[in-house]
Amino acid sequence: MTDVPTTTKADWTSDQEVRWCPGCGDYSILTAVQMLMPDLDVRREDTVFISGIGCAARFPYYMNTYGMHGIHGRAPALATGLAMARPELHVWVVGGDGDMLSIGGNHLLHSLRRNVNLNILLFNNQIYGLTKGQYSPTSEIGKVTKSTPAGSIDEPFNPISVALGAEASFVARTHDMDRQHMMDMFRRAHDFPGAAFVEVFQNCNVFNDGAFGAITKKDKRASMLIPLEHGKPIRFGENNEKGVVINPQGSAEVVDVADVGESALLVHDETRQDPSLAFALSRLSAGPFEPTPIGVYRAVERSEYATEASKQLAMAQEQSGPGDLEALLHSRPTWEVS
Amino acid sequence: MTDTVPRTVGTQELNRLVVRFAGDSGDGMQLTGDRFTSASALFGNDLATLPEFPAEIRAPQGTLAGVSAFQVQVSDHDITTPGDAPNVLVAMNPAALRKELVHLEFGGTIIVNQDAFIERNLTKAGYDSDPLDDGSLDNYTLFKVPMTTITKEVCKDLGVKPRDAERSKNFFALGLLSWLYNRPAQPTLDWISAKFKRQQLIADANTAAFKAGMAFGETAELFDFTYEVKPAVLEPGTYTNVNGNTALSWGLVAASQQAKVPLFLGSYPITPASDILHELSQRKNFGVRTLQAEDEIAAVCAALGASFGGHLGITTTSGPGIALKGETIGLAVSLELPLLVINIQRGGPSTGLPTKTESADLMQAMYGRHGESPVPIVAAYSPSQCFFAAIEAARIALKYRTPVILLSDGYLANGSEPWLLPDVSTLPDLTVEFATGPNHTEEDGTEVFWPYLRDPETKARPWAVPGTPGLTHRIGGIEKEDGSGNINYEPDNHGYMVKLREERVAHIANDIPPTMLEGDIDDADLLVLGWGSTWGAITSAVMRAREEGRKVAHAHVTHLNPLPKDLGDIVRRYPKVLVPEMNLGQFCRIIRSEFLVDAQSVAKVEGVPFTAAELHSHINGVLDD
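Chains A and B, in that order, are what the protein sequence lines are.
Numbering of the first sequence is given in the working numbering, commencing with residue 11 and proceeding in unit increments.
Numbering of the second sequence is given in the working numbering, commencing with residue 15 and proceeding in unit increments.
Hints should not be assumed to be uniformly reliable.
Said to hold, decoys possible - Chain A side only, calculated, beta carbon under 8 Å to chain B, not exhaustive:
{"#": "1", "residue": "14"}
{"#": "2", "residue": "20"}
{"#": "3", "residue": "75"}
{"#": "4", "residue": "80"}
{"#": "5", "residue": "92"}
{"#": "6", "residue": "94"}
{"#": "7", "residue": "283"}
{"#": "8", "residue": "289"}
{"#": "9", "residue": "293"}
{"#": "10", "residue": "311"}
{"#": "11", "residue": "312"}
{"#": "12", "residue": "332"}
{"#": "13", "residue": "342"}
What the hints assert, rightly or not - Below 30 Å or equal to it, Euclidean Cα-Cα: the simulated DSSO-like pairs (lysine-lysine) are:
{"#": "14", "chain 1": "A", "residue 1": "321", "chain 2": "B", "residue 2": "209"}
{"#": "15", "chain 1": "B", "residue 1": "211", "chain 2": "B", "residue 2": "113"}
{"#": "16", "chain 1": "B", "residue 1": "473", "chain 2": "A", "residue 2": "321"}
{"#": "17", "chain 1": "B", "residue 1": "138", "chain 2": "B", "residue 2": "166"}
{"#": "18", "chain 1": "B", "residue 1": "211", "chain 2": "A", "residue 2": "321"}
What the hints assert, rightly or not - Computed spacing ranges between beta-carbons, pair by pair:
{"#": "19", "chain 1": "B", "residue 1": "461", "chain 2": "A", "residue 2": "16", "range": "27 to 37 Å"}
{"#": "20", "chain 1": "B", "residue 1": "521", "chain 2": "A", "residue 2": "161", "range": "54 to 64 Å"}
{"#": "21", "chain 1": "A", "residue 1": "282", "chain 2": "B", "residue 2": "525", "range": "31 to 41 Å"}
{"#": "22", "chain 1": "A", "residue 1": "21", "chain 2": "B", "residue 2": "458", "range": "15 to 25 Å"}
Just so you know, the hints here were simulated from the structure itself, not pulled from any lab data.
Positions of the beta carbon are idealized from the N, C-alpha and C atoms, including for glycine.
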């Protein structure tokens, strides 16, 4: 597209008043998206945001694009139909951890498996916000909330592991305290031809304040966030003194580079077909209190669903010609009555 | 076989014939019935069919649970049902005989596969003694035919595996019936060679078995007569034999063509609706996109997403699926986008009777969503009419930008009848206009697009498809302000929008055909009021009552929401109103509450359709009351 008009953030901002709680992490995500859009070489009218229900799901109202605020959990399914009907559109799906991993978990899995060309942003705040503070499928065990006064007893999902297990071809993670990193990840998702899944650590300052503070605060990032960069050994730390290796058992492990030497470190390969290493990296951290990888875990191109579906239509028309209703009605044995 | 010279056998003419084929699920009875039907259709008979099969693909062999049956009525005149009691029962094993004999008319003909009547099978079927010899069938005309033996014999030199040879015995049965009832052989032979063109040995075995069946009839001195049902006098034109699901699928394709809007089907496999998914998946050259979704909810959501993208979004399912789709249908009510939701009803509740028919989802269609969530409802009434019902449902969805529920049922879906093919040039034009530019001017003179600014006549909002410049907008399930579509939670606004959505559906009554009304319209003592697949049985029953001199009228409703404007006058016009339904009186309840008339319900919820005889006796009962 060469003749896309130049736009600014303001062009992508709708006239609706934003109604998230003051201080919510969603504001910074919205800003990152609105700032990125003018750089993507796409038209507003070719861009669609689709959401389910939850705080995050209000997102489409604030984008000056086409948008649909659907029902709880079903955004990936609504978006799949739209993307199949109109493969030329840029379809974004926005939802929270309850929306996409609990009530709508099935649709997330299958949209990733099919590799429908969607950019799926999962705002993970590890809590139900809109329903006022129940634990979510990503809350840590022992979470005390209104619905779990004695502490939650179920194991949380690791969204990156879930996506990789669902055959996702693009999987990334970012957080709401780093606008540039968010923009980088969202751009990568947009550029990827297929289902692109981005987990965003997002702070809910009302019901789960500081859930990611131990790793995303400015002074913690160097030691607690492990940047994944394609083709580079995985290193982090205040002085880049830490690294990641794959141990003999096949698990990822944090080591002191001084102990093992740089050559022993895992060189990140986001294009690796086998998802095992990406999965191992997703298991490196048990939660937002340990060093946690961010960036693109996996970006492996494969057939995109809507494109393949369109190809089958084109092939059918090539083989049988365009549909002829009269011929269809006469396609089975007929007889004449005079 | 004593003799190879064809005997001279007399032919008797019948006006109509009802044959019921019954055997084990693996015996190919549906296929046999279907082939008998097709040959009869090509011969020019009118006909109607009733396939009945168990939910299990292969229930334990030889058991009552595994019996699969197919009933067909062929006639030389216009008929509307698959017949009350069969004249002929073909029973491939003892279980089939035991289970199906109850349907056979007194004195009817039984043709059995004698080879299957061995002790083990008799025990499985619960017979203490062999019914073929113990005199229990003395009130019927019984023909014992060693079908398996002869089939194996004629196949022995073909090089077919013994098991495949035995499996061809259904074609022996078909051949015998084809001879006995003078059905043309060629359509069946052609079908065999086309169907098994890549399995020559199977084709050879089936052909040999079929021909052996015909030859057996001719040479075995069992049958004194053959019978003939002459072609029916039907309206001139080109006919094909069609079942409801095929006709419905073709209607959807036709609607898409007539609207020039691509068809998108989101569906999840469910009996008895899956065949629509199968059929439409083969229509890719019509631009038809199908998605076999991960679940019922995804199926309807994808369809609604496609509708947002300017396609005719359709989802097909049965009652359990509708239960799951309810929230999304509500979203479509709020979004005011076209969406076709098709329910091929089956027995419920829960899994219920997946392969049996029932029409007990009317209240679910009317009220099965939360909030005030009105949806237009169209119901098909005969297999071939499913074609037009689909077009009509699509017309309403597209013109009025609303989800529409189309009700069919298992009986219509799988039952077939001859269909006078319509001239496609006479199909309605469903052309849709999409929004192309701003429709509202702000106070400061800015031209903007308001997604909920309506067409004053249809009350439909503009269909603005993503990709169209200048029309970017956001829609959602949250209550909105009319016109701008902005979120609005104000009490007055919600009250207004609730009434508006109600009115949007109600006023479609101005744009639907009047109620179908037949019989003694002017002076009937009784109105029989039906909807859906009861049409055939009601039509026959009313005809019989009128032939006896009773004054009866038949009204049949195709639009259940909104109801036709003339329906109130019709139900008040007659002294008595009888409402037969395959549920416990759901439509009857609507009629009573809507029009304050003392309509009486006749309910049958047994997984099988009404027979004309049953309804005839109800009609007489009410009139004599």
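Do the hints match the structure? See the list:
Nearest Cβ of chain B to the Cβ of residue 14 of chain A: about 12 Å, over the 8 Å cut. The hint is violated. Look at residue 20 of chain A: its Cβ only gets to about 14 Å from chain B, farther than 8 Å, so that hint breaks. Against a cut-off of 8 Å between C-beta atoms, the interface hint on residue 75 of chain A holds, since the closest Cβ of chain B lies about 5 Å away. At a threshold of 8 Å, the smallest CB-CB gap from residue 80 of chain A to chain B is about 6 Å, leaving the interface hint in force.
For the restraint placing residue 92 of chain A at the interface with chain B, the shortest Cβ-Cβ distance is roughly 4 Å, inside the 8 Å limit, so the hint holds. For residue 94 of chain A, the interface hint holds, the least distance from its beta-carbon to any beta-carbon of chain B being 6 Å, beneath 8 Å. Among the interface hints, the one on residue 283 of chain A is violated; its C-beta lies about 24 Å from the nearest C-beta in chain B, farther than the 8 Å criterion. For residue 289 of chain A, the interface hint is violated, since its Cβ never comes within 8 Å of a Cβ in chain B; the closest pair sits about 22 Å apart.
Contact between residue 293 of chain A and chain B, as hinted, is not supported at the beta carbon level, the nearest pair being about 26 Å apart and thus beyond 8 Å. With its C-beta approaching chain B no nearer than about 22 Å, residue 311 of chain A sits outside the 8 Å limit, and its interface hint is violated. Against a cut-off of 8 Å between C-beta atoms, the interface hint on residue 312 of chain A is violated, since the closest Cβ of chain B lies about 19 Å away. Residue-level restraint check for residue 332 of chain A holds (minimum Cβ-Cβ distance to chain B is 6 Å; threshold 8 Å).
Interface restraint check: residue 342 of chain A against chain B, minimum CB-CB distance 5 Å, threshold 8 Å, status holds. A threshold of 30 Å between alpha carbons decides the hint, and for residue 321 of chain A with residue 209 of chain B the separation of about 28 Å falls inside it, so the pair holds. At roughly 36 Å between alpha-carbon atoms, residue 211 of chain B and residue 113 of chain B are farther apart than 30 Å, so this suggested pair is violated. For the hint linking residue 473 of chain B to residue 321 of chain A, the alpha-carbon distance of about 38 Å lies beyond 30 Å, and the restraint is violated.
Distance check on the hinted pair: residue 138 of chain B and residue 166 of chain B sit about 24 Å apart at the alpha-carbon level, within 30 Å; holds. Taken as a hint, the residue 211 of chain B and residue 321 of chain A pair is honoured in the structure, with Cα atoms around 29 Å apart against an allowance of 30 Å. As the Cβ distance of residue 461 of chain B to residue 16 of chain A is approximately 21 Å, the hint placing it in 27 to 37 Å is violated. At roughly 56 Å, the beta-carbon separation of residue 521 of chain B and residue 161 of chain A lies within the given 54 to 64 Å, and the hint holds.
At about 60 Å, the CB distance of residue 282 of chain A to residue 525 of chain B disagrees with the hint of 31 to 41 Å. At roughly 18 Å, the beta carbons of residue 21 of chain A and residue 458 of chain B sit within the given window of 15 to 25 Å.
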